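Assemble the complex: chain G is given as a structure, and chain V must be docked to it using the hints.
One line per chain: the protein sequences are G and V, in this order.
Quick note, the first sequence lines up with residues 1 to 265 if you use the numbering used here.
Quick note, the second sequence lines up with residues 266 to 662 if you use the numbering used here.
There may be inaccurate statements among the hints.
[To be verified] No more than 35 Å apart at the CA atoms, straight line, and that leaves these computed lysine-lysine pairs for DSBU-like:
# : chain 1 : residue 1 : chain 2 : residue 2
1 : G       : K214      : G       : K178
2 : G       : K2        : G       : K77
3 : G       : K214      : G       : K2
4 : G       : K77       : V       : K267
5 : V       : K267      : G       : K2
Calculated directly from the structure, the hints in this document are not laboratory data.
None of the values given here were measured: they were computed from a predicted structure.
Here is what each chain is made of, one letter per residue.
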Amino acid sequence: MKLSAYISGIGVLGPGFNHWPQTAAVLSGEQPYVPAPTVLPTPAMLPSAERRRTGRVVKLALAVGWEATSSADADPKQIPSVFCSSGSDGHICHEICLALALPAREVSPTRFSNSVHNVAAGYWSIATGSLAASNVLCAFDASFVAGLLEALTQATVDREAVLLVAYDTEYPPPLHAKRPIPDALGVAMVLTPERTPSSTASIELTLTDEPHDKMTDTQLEALRVAIPAARSLPLLRLLAMGVPGRVILEYLDVSRAAVQIEPCS
Amino acid sequence: MKPLLLAEYTATSCIGRGVAPTLAALVEQRSGLTRCEFETVRIDTHIGEVPGVDAQRLPTALQIFDCRNNRLAELAVQQDGFFDAVQAAAARWGRRRVGVFIGTSTAGIMQTELAYRARDAVTGALPASFEYGTTHNSFSVADYLRQRCRLEGPAVVISSACASSAKVFGSARRMIEAGLIDAALVGGTDSLCLTTLYGFHSLQLTSPAPCRPFDSARDGISIGEAAAFALLERVPESLDGNSVLLYGVGESSDAHHMSAPHPEGLGAKRAMQAALDAASMQPGDIDYINLHGTATPSNDRSESQAVTSIFGPTVACSSTKGATGHTLGAAGALEAVISALAIRNQLMPGGVHTMRVDPTLTAHYIRENRRATVHRVLSNSFGFGGTNCSLILGRAG
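The following block holds chain G by itself, in its conformation from the complex:
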């Protein structure tokens, strides 16, 4: 069975990336890449009581998920989702570990609830009212391809549209020294088993031994290496250029993902 689907919506937010159309203009070379700290919007889609509790991971994942489903004209209440991240909320983890290192060991109940790896998927379900299945993955630096594999198998085997959301945020010090993710970056895609009016390209994935592609721009290559979700950049560049092609994405030490793209004419 070929692992293939149509890309019918994209969302991006990251350092110097405000949304997919602007990101595409940068990656296709129309605009220069101007690095700037990632600006995360307040998730207006959440009830205010929940909104106050959300950290950067949730804000990031909801923003790109929303952009992708909106541009795909997909109903966020119905579409199953795959969330993948190399870690949960680093700031919450830091606060909990700080509290546990003090004699009183007073862990905030809200922080604990939001410390789970599936915090973004939980808030996505609350925000959209979605009862659909959500799968939440981690494969450390290989998390983007792990999520893409999962989403493509869902679209291929179960013949249903699926929302893929890949996202990573920074850890504060002292954890930052051990896991130096510099800023927040998220990428979302709606993958559909059939072509829709919103489809921009078809995608097919195979595993390979070939070496992975890098970004030619040194700043973008540094970003690709620094943030696990940015391992998607060679794929995003191909999509931005709107041309057929094949890219090799970094995955596990023993294998890479070869992705074939054919734009919808």
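Frame of chain G, contents of chain V only:
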């Protein structure tokens, strides 16, 4: 869905290392819960601690993975000849054709908890010896098992709180069906740590007594630790009728609250129905339900409502968490193995520690073991974030 074979399975929890001691504890209705004396934790609660985890060693070449969680995974994978069975599968299918799908909620976060205690007094830096990626990071347990078993197929951790290691069966199923792999090492590993003990305590969800699922006086969970694994393969043409198959996986979300279940069990009901649909079964086809049954007042109430709305008030059900504790991200896999043991031994394990079943809960909760026909079992796992997963396992013949 096409059924899959549980070619091998093993479980290690506070009631035993491997399936024989686990079964013996279930037959004797023995609980492994003890008063919490874990590490420096000072909470009035009971826990399900696996003896001997601290003494477990990892192979020298994989020392970078050393932490309680990976020690527990190593301990468990050596039981029941499971490690050798994985090697045989790798030889048979090829190392590239065996995937690794492991559920965990906290992996080796205890290493970070300990590192924060040992921060440099001046700079605040964590100790040089602290390794983040191979201990604390959620993927570390799948990465450890992948390297330990020298498997080269796709590898991933699923971390959706207490539904994690039920959901691994769904991901493995899709990847086998897609033809990307021929076999999958699936399972879950979660180990005791301060984050979950103090965290659940802060939410007032831990019981001072051993947990009493479905009891009128139930007042919270007992946290446990476990590692449980299965080797999933396509169903071969010839098969022993006693073999255990995975017939259905059903998944859903609650869209309700991060740490409280939907009051009527809306998502739970949807997951159970989806599992029945995937298995092409009717509610009457299920002989026994292994409940999520955490023993919090709200979980058991909403789960009971959801179960009764689909299965009515007669199908026998129980929670084995009175015996094992709530093993969080390992619960789905542990209870899948317990379900397999129930099927192989025609045993419905009665729920231990429950003295008086809450009369307001309509599901048919059993406290005593039953020797009865157990051909098909439904097992529930629900988690924070409102994530739900139900599995259906059954006899091949």
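Hints, one by one, checked against the model:
Between K214/G and K178/G the alpha-carbon distance is near 24 Å, which keeps this suggested pair within the 35 Å criterion. Taken as a hint, the K2/G and K77/G pair is honoured in the structure, with Cα atoms around 28 Å apart against an allowance of 35 Å. Restraint check for K214/G and K2/G: satisfied, since their Cα atoms lie roughly 25 Å apart, inside the 35 Å limit. Of the supplied pair hints, the one linking K77/G and K267/V holds, its CA atoms being roughly 28 Å apart against a limit of 35 Å.
As the CA atoms of K267/V and K2/G are separated by approximately 18 Å, the hinted pair is consistent with the 35 Å bound.
The earlier numbered hints are all upheld by this structure, with none contradicted.
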